[in-house]
Amino acid sequence: MDRFSWSNGLLEINETLVIQQRGVRLYDGDDKAKLDIGAALLSTHRLIWRDIKNHDCCIAIPLSQIIYFEEQAAGIGKSAKIVIHLHPASPNREPGPYQQSKYSYIKLSFKEHGQIEFYRRLTEEMTQKRWENTPVSQPISTGTGSQAGRTRAVGIVGIERKIEEKRKETDKNISEAFEDLSKLMVKAKEMVELSKSIANKIKEKQGDITEDETIRFKSYLLSMGIADPVTRETHGSGTHYHLQLARQLGDMLQAPLEERGGMMALTEVYCLVNRARGMELLSPEDLVNACKMFESLKLLLRLRVFDSGVMVVQLQSHSEEEMIASALDNVSDKGSLTAEEFAKLLGLSVLLSKERLLLAEKMGHLCRDDSVEGLRFYPNLF
Amino acid sequence: MSFEWPWQYNFPPFFTLQPNVDTRQKQLAAWCSMVLSYCRHHKLYTLDVMEAQESPVFNNKKLERKLSMEAIQVVFEELRKKGNLEWLDKNKSRCLVMWRRPEEWGKLIYQWVSKNGMSNSVFTLYELSNGDDTEAEEFHGLEEWMLLRSLQALQADGKAEIITMDDGKGVKFF
Chain A
1 MDRFSWSNGL LEINETLVIQ QRGVRLYDGD DKAKLDIGAA LLSTHRLIWR
51 DIKNHDCCIA IPLSQIIYFE EQAAGIGKSA KIVIHLHPAS PNREPGPYQQ
101 SKYSYIKLSF KEHGQIEFYR RLTEEMTQKR WENTPVSQPI STGTGSQAGR
151 TRAVGIVGIE RKIEEKRKET DKNISEAFED LSKLMVKAKE MVELSKSIAN
201 KIKEKQGDIT EDETIRFKSY LLSMGIADPV TRETHGSGTH YHLQLARQLG
251 DMLQAPLEER GGMMALTEVY CLVNRARGME LLSPEDLVNA CKMFESLKLL
301 LRLRVFDSGV MVVQLQSHSE EEMIASALDN VSDKGSLTAE EFAKLLGLSV
351 LLSKERLLLA EKMGHLCRDD SVEGLRFYPN LF
Chain B
1 MSFEWPWQYN FPPFFTLQPN VDTRQKQLAA WCSMVLSYCR HHKLYTLDVM
51 EAQESPVFNN KKLERKLSME AIQVVFEELR KKGNLEWLDK NKSRCLVMWR
101 RPEEWGKLIY QWVSKNGMSN SVFTLYELSN GDDTEAEEFH GLEEWMLLRS
151 LQALQADGKA EIITMDDGKG VKFF
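Each protein sequence line maps, in turn, to chains A and B.
Those letters in the first sequence? Residues 1 to 382, by the UniProt record's numbering.
Those letters in the second sequence? Residues 1 to 174, by the UniProt record's numbering.
There are no misleading hints in this set.
With a cut-off of at most 30 Å between alpha-carbon atoms, the simulated BS3-like pairs for lysine-lysine come out as follows: (1) K334/A / K61/B; (2) K334/A / K62/B; (3) K334/A / K66/B; (4) K26/B / K362/A; (5) K166/A / K53/A; (6) K78/A / K53/A; (7) K362/A / K82/B; (8) K66/B / K81/B; (9) K107/B / K159/B; (10) K102/A / K32/A; (11) K90/B / K169/B; (12) K102/A / K34/A; (13) K362/A / K81/B; (14) K66/B / K362/A; (15) K90/B / K26/B; (16) K362/A / K292/A; (17) K344/A / K66/B; (18) K159/B / K43/B; (19) K111/A / K32/A; (20) K26/B / K334/A; (21) K129/A / K111/A.
FYI, nobody ran anything at the bench for these hints, they're computed from the structure.
From just these sequences and the hints, can you work out the full model?
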């Protein structure tokens, strides 16, 4: 464990995050390290570990330090582990949590599983040795390390340091804000400003913010229950977003609706739309809100709610009376029909066909026969 | 002569209580009429609810359909509202079925009395319901409680008077 150095956990330029796994405890050789459970992050260049509670506590080791590694299967009461054997510590390495250790290997214990994937990725990185191709700016070993206070800023190096420090401040800001709710209240205004600036940066796709930060930021917000503001920002405020979405849906759903006889259950629409989108999936909430706008936008689609609560999207041109009249014909033709038989006949989903039959019953055209054999509909001869 | 079932008896939905209000009204009307006809045909004056469930009226074995207990109660309630049924107990397990209402019976009896010029005569109840003279009449075999009610209806109308005799009741017609 004496090969580890304190780190700010931020990725350098050219360094990419490969995989991260929560619930990892470190072992100095066979002994538990004097650290709590945290998250292990594997990048193209380093193995990083961060305390899950105290984000300031973050250590890293270059992958070049690794000689070899192996899996240690889980046992009774023991989690699966990866044992990593290391080169001796380099003399000018940055200070870390351990000054010295009698072991030359460490273990990662996966309390929340994930070791298989982690092992696989580690193997990949150790094979590819991407760190050799894309050297990153080494942290300047002025002997104080990034945990200590600031040093004087001179020249380009100084500017780089300033930016890095600012980022660390941001990181700290976020950590502090999330730890204590009352502090959050105070920091709320700052948070809002910060989130706005980050959102803008993402929008303008400036290289100021790394991918990792974006992911982290979004996950923080998500864990707080705030939906991702970025997409909304890009497309404007909530309602505006829904309006745009409604228009998009209006175009997209025309053909599928016609294929399905003019009506689709909202669940079908949801699946269809999200499959087509691939990325930037819609939430069910957004879909419903967009569909509610069909009428006001004078689009050709309508959102309709049946008595049972089933929601469908149907074409404006769809006439319910026609449908019911044809349903009556179908039933009379066959004497009686169940919802399933009717669905098969019309090529509709069972849910929708049942709704139609129920509607016909409501209008008095059909009556029902409810028995152990199931629910059948007959023409209303009463 | 066996009872002729109405067309509804062979229509499966007949045995499912219809949710549509209008349809249900028509369905119940058909049930009431069928139950009364059946009772009239078989000269049934009382029904036991438990037995009724298995009787052919509510259980069409050929169609494999029968009316649920809940629905049977609904039909009975409908009959009661129309005045054709009266519960004999609080638990609603037995009931009187009046496929002809007392007033209607009373009218029939009085017609017979008048036709045969027997006004101002006195009859025992037994004579009326089981006497040789009344054998051809519809009210022959009428159960006593029903007969009594019918006569009470006539009494209310001023056409008869019920008398208590040594060994039972009798009636004088005016």
